[in-house]
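Undergrad: Read off the chains here:
2 protein chains.
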Amino acid sequence: MRLKRTHTCGELNASNAGTEVTLTGWVDSWRDHGGLFFIDIRDRYGKTQVVFSSENSQQLYEKAKKLRSEYVIAVHGMVRKRPQEAKNPDMQTGDVEILCIDFETLNQSKTLPFELKDYAEKSEELRLKYRYLDLRRSSLQRNLLMRHQLAQITRSFFTGQNFVEIETPVLTKSTPEGARDFLVPSRMHPGKFYALPQSPQQYKQILMIAGFDRYFQIVRCYRDEDLRKDRQPEFTQVDIEMSFVDENDIMNLMEAYMKVVFKELLRIEIKTPIPRLTFEEAMKWYGSDKPDLRYDLKIVDITSIFRQSEFNIFRSVADNKGFIGALVVPEAASYSRKQVDALNEYIKTVGGHGVAHLKLQSGTWQGGVSKNFSELELNNLLEKCKGMKDGLILIIADTNIEKSQQLLGFLRQKLAEDLQLIDTSKIALSWTIDFPLLEFDLGENRYFAKHHPFTSPKMEELPLLDEQPEKVHARAYDLVLNGNEIAGGSIRIHNRNVQEKMFKALNISKEEAIQKFGFLLEALEYGAPPHGGIAFGFDRMSMLLAGAESLRDVIAFPKTTSALALMEDAPSSISETQLKELGIKLAPKN
Amino acid sequence: MRLKRTHTCGELNASNAGTEVTLTGWVDSWRDHGGLFFIDIRDRYGKTQVVFSSENSQQLYEKAKKLRSEYVIAVHGMVRKRPQEAKNPDMQTGDVEILCIDFETLNQSKTLPFELKDYAEKSEELRLKYRYLDLRRSSLQRNLLMRHQLAQITRSFFTGQNFVEIETPVLTKSTPEGARDFLVPSRMHPGKFYALPQSPQQYKQILMIAGFDRYFQIVRCYRDEDLRKDRQPEFTQVDIEMSFVDENDIMNLMEAYMKVVFKELLRIEIKTPIPRLTFEEAMKWYGSDKPDLRYDLKIVDITSIFRQSEFNIFRSVADNKGFIGALVVPEAASYSRKQVDALNEYIKTVGGHGVAHLKLQSGTWQGGVSKNFSELELNNLLEKCKGMKDGLILIIADTNIEKSQQLLGFLRQKLAEDLQLIDTSKIALSWTIDFPLLEFDLGENRYFAKHHPFTSPKMEELPLLDEQPEKVHARAYDLVLNGNEIAGGSIRIHNRNVQEKMFKALNISKEEAIQKFGFLLEALEYGAPPHGGIAFGFDRMSMLLAGAESLRDVIAFPKTTSALALMEDAPSSISETQLKELGIKLAPKN
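Quick mapping for you: the protein sequence lines, in order, are chains W and E.
Per the working numbering, the very first residue in the first sequence carries number 2; after that it's consecutive.
Per the working numbering, the very first residue in the second sequence carries number 2; after that it's consecutive.
These are calculated hints, taken from the structure and not from any lab test.
Among the hints, erroneous ones may be present.
Identical chains blur together in the list; that is why a pair holds if it fits in one copy or across any two.
[Stated by the list, open to error] Cross-link-like lysine-lysine pairs, in silico, DSSO-like; alpha carbons within 30 angstroms at most:
1) K451 x K5
2) K193 x K581
3) K272 x K5
4) K260 x K586
5) K272 x K285
6) K5 x K459
7) K291 x K372
Chain W on its own, in the form it takes in the complex:
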């Protein structure tokens, strides 16, 4: 490099006119106007127009004409104001251009496998293989810069609140949900394995027992599961734990954190306190424990209307402690038969039996199941419509309350999207609290922890844990942003007896508990303080704040849905020597 950069490509303006500068970067675009050769030179900071004039130097002009897209150059020249008509108001540096005095080609570029501007027409596979090119796009650069800022804001907020950032190990022990651990064979101890952590849960509790009082970490976690559309095998979380606190202390501090994040990143003032919904309310009103509150469209409970109904399907649901819910949608007044059928089909794809419907037209019931309802039932239903004259009523009924509400939640979300009820400029934050502690798994015929086995039950409900475990609530809380869970946490158990009771309820034997969590159980007996915490999904937060559509757009080197790294070609085969050293053999599944 003969020429040394004096400015970035994003900083020159009219005040620099008349000075000599040197820029370095990529040829973003070029055009030859016969005697004048123009390029835009680009770096992370912006673009600047450079002119090579044959009048000034025929030699430079001829040399410049060989430049092509994505060549790397250093340009030395004189900044000059552009004539009024040539100014480009869309460009940060659009008031000026550089008249080239000297330049150096630092590297060439082959023709790209896809143009940066037409990337959208190319398959994501191709773009992931050439990630270094895709990452040159300004939207991905912007996303990663925002992610960087979010990380700095986060650390500075928690550091300011007396939190200590402490690094926890990556080579750890297999955890409760062991089946989803990535494992690492040990060469020094053949036959034994480390596990990559799904979260530093136990370490952060240990740190509280060690007296660190307030801990945080922006930390990589790992989960080996069949990937859904928007999951990554490695993901990042903002991990937080505090001692001598209750739920309110944690929620209040996290609200302060959210305030700072939205203010500093998006210049948005969010209102606190953030509304809190119990799990029961969230399910009853929105059919989801992470409801999107950017729009209203509450579920209306109409179960009681049909207790005496002659419409058998509904009466049987009402009688069997089921749930019948309606969505009252004035915006869908003009829905066609075909549109209603489509909703019916949609509900079947998500596990429901279908949707009943009827319509109000100028205050009169029309079509669908209206003919199956008695006068009284129709009148009662009308009351629930709160004065609506025209609109569609959609009804789902199921003997399983949670399932019925979940289906209504899906339907609510589908309608909101179809009818564009969502004000995308809105920020809707809410807490979901008072979760059930346990969840019964029919397949395995046992209870599972809805959060994790270290979550404290509400202590006043502890006596129910043996006999009526489904009635016990957790001291847990999730933070929801526009229908996405962005954080989840709980007050932890800090007492060995309670922890053992919890393991018992989860059908984990004493032996298994000691083998898996022996050190934590033991630590609880050496002065464990009351403590609790929370973890934010850092990738998802970044995605939502950047307005990106996929986690892959806020991760520099993401993996595909089948956990492949296409650029570097991982995972890959290893040598026999390596296998031998690790004391393992391949054993292909048949």
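Using the hints, position chain E against chain W.
TA: Leaving out everything else, chain E in the frame of chain W:
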């Protein structure tokens, strides 16, 4: 928790006298003075004395008498000034105490397996098993807090310099030094493996090619090697990469970083520019590429004195292009025969044949090899002693120059320790530059990269790479602090042809190069900018700055030298089901 904390245990002073406060923490110590029960309550922030007086409340006093070390309590009480004679100037809060009005025992503690104060008498194994107790010691808390501060200072410095923090993957592809990779079997792609990165080297280069200009990350790296005393299988580095820069740009910026670190953490102003030694100078003068410059004791090259010597051993070394070096040590004038013998033995343990010695006593040569040297040789030697009248001269000779110098370096360090020549209050920073690019490995009979295969040779020496590769120097630089390498980096190759030449010199075939680094080679053809970087050993830096003696004292959950996690018991056995899922079998070595 009935009582809520109002203050930490480190913040009360005389100005709080007369106010009611609530503290939470651990019983650090207790003593019963009959009617008055005293405890020190401790948290991360400090300790405060609490008094339970039977006069005030017999009931509280009786309850307090049951408190034992490490119980967790919340104490509500009145702050009062201590009488002058009871003040404790060694305690931050030593001017006050709290008269207890109410308290709550939040948790009990069994008797600890070791007392926090007598920890040093216990084995490190025991302390690692109960790491949560050992971490309560104030020195470990202080170390981890300092590490936290170093991390924040680092991120804030680099963010302020326009660096972007970007997270790179942990599940990656096996790298050149593949034998030292930790491997992760893929469940979704049986028979294939991910590797944990030994450094994000290729990713950071890719980020430069993607145009991010300035990247940093405080990042975990992994190396599966037989652990030496002070190595950890997972370690943290401050990883840095910059585009459009040369060696000086990088070294200058890192000096600014060091200035900030020492200023903010230790209130020490370090002088810049930091001295730079070439590899050759460092070896010739100090026998090490990471010399401890807190003391002088330079090696004196006396090879030429012995070219015509009748002392065969030395003449043959001098004739065969070897190196004869001397350490001239006035401080060792009174060394006994036994002490000299010990040095001789020491040099044998580090691979040498031994040390020759002679003495100056009141300007006259005495003992050792003095009788083997000619008058002229002794006179020439005397000249090298620069006026010393009394002292010990130690000589090492070997036909292998580097080996000879290395042994002298070990001897120099040994003498400095024995004679306490090191001013431990000193900070000696230096750069080592102009390293050889390659290093010949006699065992494998081929060249290896001294730094790594992506390090740029000095371009003016590139023509030598085919025929005289040992003569080529690298554009590499290491930062040395008090004899420890704390950072190493280089300008990278940004041109595919040069990279291929380098692979050829390393005896890496085209096929192997493409299989292992194909994506990087390809990326070099799509507009790779000139770039370079550096990485700091974050654990080692933390250790040196904290004045700790072991890396384990600055890592929250370190592993033993045999890579075991004693607290959580990792690595551990896994189930047959898990093995099956991963498509592997155990194959014990015989």
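Undergrad: Does each hint fit the structure? Answer for all of them.
TA: Structure-based check of each hint:
Taking the shortest Cα distances, K451 and K5 sit within 30 angstroms of each other only across copies (29 angstroms), while inside one copy they are farther apart (58 angstroms). In this assembly of identical chains, K193 and K581 lie within 30 angstroms of each other by CA distance both inside one copy and across copies; the values are 14 angstroms within and 15 angstroms between. Taking the closest pair of Cα atoms, K272 and K5 come within 30 angstroms of each other only across two copies (26 angstroms); inside a single copy the shortest separation is 49 angstroms, beyond that limit. When the C-alpha separation of K260 and K586 is checked against a cutoff of 30 angstroms, the pair qualifies neither within a copy, at 53 angstroms, nor between copies, at 52 angstroms.
With identical chains, the CA atoms of K272 and K285 are at most 30 angstroms apart within one copy only, with a shortest distance of 25 angstroms there and 67 angstroms across copies. In this assembly of identical chains, K5 and K459 lie within 30 angstroms of each other by CA distance solely across copies; the values are 18 angstroms between and 65 angstroms within a copy. Taking identical chains as interchangeable, the C-alpha atoms of K291 and K372 are never at most 30 angstroms apart, the minima being 36 angstroms within one chain and 91 angstroms between chains.
Hints 4 and 7 from the earlier list are contradicted by this structure; the remaining hints agree with it.
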